[in-house]
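Trainee: Each chain, written out:
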Amino acid sequence: MTLPTINRDIGLGLLTVLLLAVVALFFPAFVTPRGLAEVIDDTGILILLALGQMLVLLTRSVDLSVAANLALTGMLVALLNASYPGVGVLPVLLLAPVIGAGLGAFNGVLVWRLGIPSIVVTLGTLSIYRGLVFVVSGGAWVNSNQMSPAFLDTVRMPMLGLSVLSWMAIAGVVLASLFLSRTTAGRNLYAAGDNPSAAAYAGIDVGRSQFLAFTLSGAIAGLCGYLWISRFAVAYTDVAQGFELQVIAACVIGGVSIAGGVGTVAGVVLGALFLGIIKNALPLMGVSPFWQMAISGLVITIAVILNARSDRAPPRRILEEAAA
Amino acid sequence: MSIAVPKESHAERPVPAATGGRRLWRWEILLLLVVAAVFGFNAWASPYFLDPWTLSDLTFNFTEKAIVALPMALLIIAREIDISVAGIIALASVVMGLVAGAGFGTGAIVAAGCLTGLAAGAVNGALVTTFRVPAIVATIGTMSLFRGVAYAVLGDQALRDYPDSFAFFGQGYAWGLISFEMVVFAVLAMLTGVVLHVTVIGRRIKAIGSNPTAAFFSGIRVDRYRFWLFALVGLASGIASILLTSRLGSTRPSIAVGWELEIITMVILGGVSILGGVGSIAGVVLAALLIGLVTFGLGLLNVPGIVMSIVTGGLLIGVIALPILARRLTARGERP
Numbered sequence: 001m002t003l004p005t006i007n008r009d010i011g012l013g014l015l016t017v018l019l020l021a022v023v024a025l026f027f028p029a030f031v032t033p034r035g036l037a038e039v040i041d042d043t044g045i046l047i048l049l050a051l052g053q054m055l056v057l058l059t060r061s062v063d064l065s066v067a068a069n070l071a072l073t074g075m076l077v078a079l080l081n082a083s084y085p086g087v088g089v090l091p092v093l094l095l096a097p098v099i100g101a102g103l104g105a106f107n108g109v110l111v112w113r114l115g116i117p118s119i120v121v122t123l124g125t126l127s128i129y130r131g132l133v134f135v136v137s138g139g140a141w142v143n144s145n146q147m148s149p150a151f152l153d154t155v156r157m158p159m160l161g162l163s164v165l166s167w168m169a170i171a172g173v174v175l176a177s178l179f180l181s182r183t184t185a186g187r188n189l190y191a192a193g194d195n196p197s198a199a200a201y202a203g204i205d206v207g208r209s210q211f212l213a214f215t216l217s218g219a220i221a222g223l224c225g226y227l228w229i230s231r232f233a234v235a236y237t238d239v240a241q242g243f244e245l246q247v248i249a250a251c252v253i254g255g256v257s258i259a260g261g262v263g264t265v266a267g268v269v270l271g272a273l274f275l276g277i278i279k280n281a282l283p284l285m286g287v288s289p290f291w292q293m294a295i296s297g298l299v300i301t302i303a304v305i306l307n308a309r310s311d312r313a314p315p316r317r318i319l320e321e322a323a324a
Numbered sequence: 001m002s003i004a005v006p007k008e009s010h011a012e013r014p015v016p017a018a019t020g021g022r023r024l025w026r027w028e029i030l031l032l033l034v035v036a037a038v039f040g041f042n043a044w045a046s047p048y049f050l051d052p053w054t055l056s057d058l059t060f061n062f063t064e065k066a067i068v069a070l071p072m073a074l075l076i077i078a079r080e081i082d083i084s085v086a087g088i089i090a091l092a093s094v095v096m097g098l099v100a101g102a103g104f105g106t107g108a109i110v111a112a113g114c115l116t117g118l119a120a121g122a123v124n125g126a127l128v129t130t131f132r133v134p135a136i137v138a139t140i141g142t143m144s145l146f147r148g149v150a151y152a153v154l155g156d157q158a159l160r161d162y163p164d165s166f167a168f169f170g171q172g173y174a175w176g177l178i179s180f181e182m183v184v185f186a187v188l189a190m191l192t193g194v195v196l197h198v199t200v201i202g203r204r205i206k207a208i209g210s211n212p213t214a215a216f217f218s219g220i221r222v223d224r225y226r227f228w229l230f231a232l233v234g235l236a237s238g239i240a241s242i243l244l245t246s247r248l249g250s251t252r253p254s255i256a257v258g259w260e261l262e263i264i265t266m267v268i269l270g271g272v273s274i275l276g277g278v279g280s281i282a283g284v285v286l287a288a289l290l291i292g293l294v295t296f297g298l299g300l301l302n303v304p305g306i307v308m309s310i311v312t313g314g315l316l317i318g319v320i321a322l323p324i325l326a327r328r329l330t331a332r333g334e335r336p
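Protein sequences appear in the order of chains H and S.
According to my numbering, the residues represented by the first sequence are 1 to 324, in order.
According to my numbering, the residues represented by the second sequence are 1 to 336, in order.
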């Protein structure tokens with residue numbers, strides 16, 4: 001939360017506004033309230049996942065398993081809904097984060113209790129969780145006609161001009177900033193990642209902070225599992241394949257340091273919106289969907305170059321999170 | 001740059017990260033035992049496994065990935081990482097397909113594959129050394145970029161204008177049952193092993209991974225090493241792309257999706273520390289063989305590929321976690 005990070009958030013904010021302005025120049029419909037509401041609705045899941053990932057990155061770890069967690073939890077609640085349509089949406093809304101938290105806690109325990117580097121742990125659980133999606137579903141799809149209308153419609157229901165999904169993302173942003181700025185556990189995440197030794201001597205259990213971060217990230221991924229399945233109205237094994245890298249990219253563009261200890265909620269939201277605006281604007285401009293990956297790859301690469309330049313002062317510490 | 005690890009919570013490092021040759025040697029013996037066990041299990045579970053041709057087919061199952069895993073091991077030992085390797089394979093395959101489509105011969109196609117890989121690796125190296133982007137972040141970006149270019153060029157099309165002589169690289173046999181791919185892998189493994197374990201270059205790579213700052217002040221051109229390691233990983237990805245494209249006989253933009261994780265899994269399972277500084281090529285070769293045996297054996301039993309990923313992931317975590325747990329339990333037992 002030092003001055004340079006705030007400056008960078010403002011810089012990224014200006015860049016996002018500039019991007020919007022350029023798009024608006026050609027496609028005024030994009031920046032109407034309705035167009036923007038669609039962008040927020042489309043970016044909501046990315047924002048939530050990026051917030052969860054930020055908690056993990058702050059503690060000098062990384063969670064590569066979020067997309068697999070999302071797919072597994074999403075498939076489980078979809079199967080639940082298909083088998084017991086009468087259960088309703090509220091139990092699903094509670095169950096999804098709990099399942100996700102369990103999967104995240106498994107990562108957390110391995111990092112905390114066994115001291116295995118997080119990149120190794122989550123690389124392993126990424127494969128395991130993704131494979132389990134296939135096992136629990138038998139490789140079959142759960143289609144929209146198997147899901148109950150309530151299960152599908154709740155997330156898309158409009159409320160005060162925005163979808164429920166968008167409001168959940170906004171609530172996530174508020175909760176994350178309160179957690180990180182007002183609670184001891186949240187402040188400890190910064191301390192644990194910024195300097196693990198100093199944090200330990202200050203009485204902070206670094207491993208436990210990491211465990212907490214992984215559990216929260218897992219809970220968010222689980223919730224997003226339901227949101228994703230309901231929004232796209234289909235569950236299958238390859239849901240959100242590779243999405244973890246977009247989530248990490250949103251964090252990095254938003255100024256979260258991969259070396260831990262640095263990052264703001266505002267930055268992460270802007271980073272996710274930046275990617276979301278590009279993703280939504282490209283089809284409008286008539287860009288072929290096949291070009292979108294290359295363009296977003298180029299944008300991510302340029303953004304990380306600019307980002308690396310703006311915090312040149314500390315030495316590079318790639319993978320040192322693993323020391324923790 | 002190195003962090004003192006707080007004793008309270010993280011004194012224990014995972015076994016493969018343990019320093020010193022003796023520990024590492026034990027790690028390779030453990031791997032060898034697991035390999036032997038899986039081999040025995042496969043022979044017991046499937047009557048077709050012990051056929052010489054089956055065993056020869058088995059080698060196709062891991063050699064392409066293992067060829068990238070070799071320089072990746074050097075890169076991770078030097079405390080860097082490259083997530084874009086599968087993207088490089090796709091990009092190189094597309095370039096080869098275009099070159100072949102333009103009517104060039106096999107020699108030009110192979111050269112195009114190698115050069116594309118080398119160039120892509122150099123881009124990664126430049127991002128890390130010149131632009132100071134952390135490797136994991138830089139290669140996440142270039143991963144989308146490289147594969148994205150492949151999608152942009154091909155869309156939902158495929159390239160398959162390869163000349164007949166090109167098929168040899170991925171489908172040919174060098175001698176009897178020994179595939180050409182296997183020979184390439186064996187030669188590269190020996191070369192990498194010698195470079196890492198016998199030459200000054202290898203000592204320096206380990207020194208960089210153990211403590212980059214100290215390595216820099218002892219006169220090692222750290223950034224130059226990093227750059228060339230990235231370029232080397234790119235080149236190896238180009239070579240893997242030649243073998244894979246030749247074996248499949250066609251190029252689609254989704255070629256080799258997800259391979260980066262399998263390749264990195266091979267390296268870590270092989271006992272290379274993700275923290276840098278420690279690792280051996282023998283371990284990586286054994287890990288590649290192990291993953292090849294496991295996935296091939298499960299394939300013989302008609303287990304779908306996605307379920308195999310559970311086994312691969314479980315293997316990665318289990319093989320690292322179990323020795324730590326075992327050591328804890330024995331340490332607890334020794335206490336009076």
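Just so you know, these hints were derived from the structure itself, not from any lab.
Values in this document were obtained by computation on a predicted structure and should not be read as measured data.
Check before you lean on any hint, since a few could be wrong.
Claimed, not checked - Cβ pair distances, simulated, as ranges: (1) S/R203 <-> H/L178: 45 to 53 angstroms; (2) H/G102 <-> S/G176: 37 to 45 angstroms; (3) S/L300 <-> H/V174: 50 to 58 angstroms; (4) S/A43 <-> H/G102: 31 to 39 angstroms; (5) S/L300 <-> H/A29: 52 to 60 angstroms; (6) S/R224 <-> H/P28: 46 to 54 angstroms; (7) H/P289 <-> S/G305: 25 to 33 angstroms; (8) H/V287 <-> S/L115: 51 to 59 angstroms; (9) S/G101 <-> H/I278: 25 to 33 angstroms; (10) S/A108 <-> H/G102: 51 to 59 angstroms; (11) S/N211 <-> H/A82: 49 to 57 angstroms.
Idealized CB from N, CA, C, for every residue including glycine.
Trainee: Hint by hint, note whether the structure agrees.
Mentor: A quick look at each hint next to the structure:
no.	hint	in the structure
1	S/R203 <-> H/L178: 45 to 53 angstroms	51 angstroms, holds
2	H/G102 <-> S/G176: 37 to 45 angstroms	52 angstroms, violated
3	S/L300 <-> H/V174: 50 to 58 angstroms	54 angstroms, holds
4	S/A43 <-> H/G102: 31 to 39 angstroms	38 angstroms, holds
5	S/L300 <-> H/A29: 52 to 60 angstroms	56 angstroms, holds
6	S/R224 <-> H/P28: 46 to 54 angstroms	51 angstroms, holds
7	H/P289 <-> S/G305: 25 to 33 angstroms	26 angstroms, holds
8	H/V287 <-> S/L115: 51 to 59 angstroms	29 angstroms, violated
9	S/G101 <-> H/I278: 25 to 33 angstroms	31 angstroms, holds
10	S/A108 <-> H/G102: 51 to 59 angstroms	54 angstroms, holds
11	S/N211 <-> H/A82: 49 to 57 angstroms	55 angstroms, holds
Taken one by one, the earlier hints fail for this structure at numbers 2, 8, listed in ascending order.
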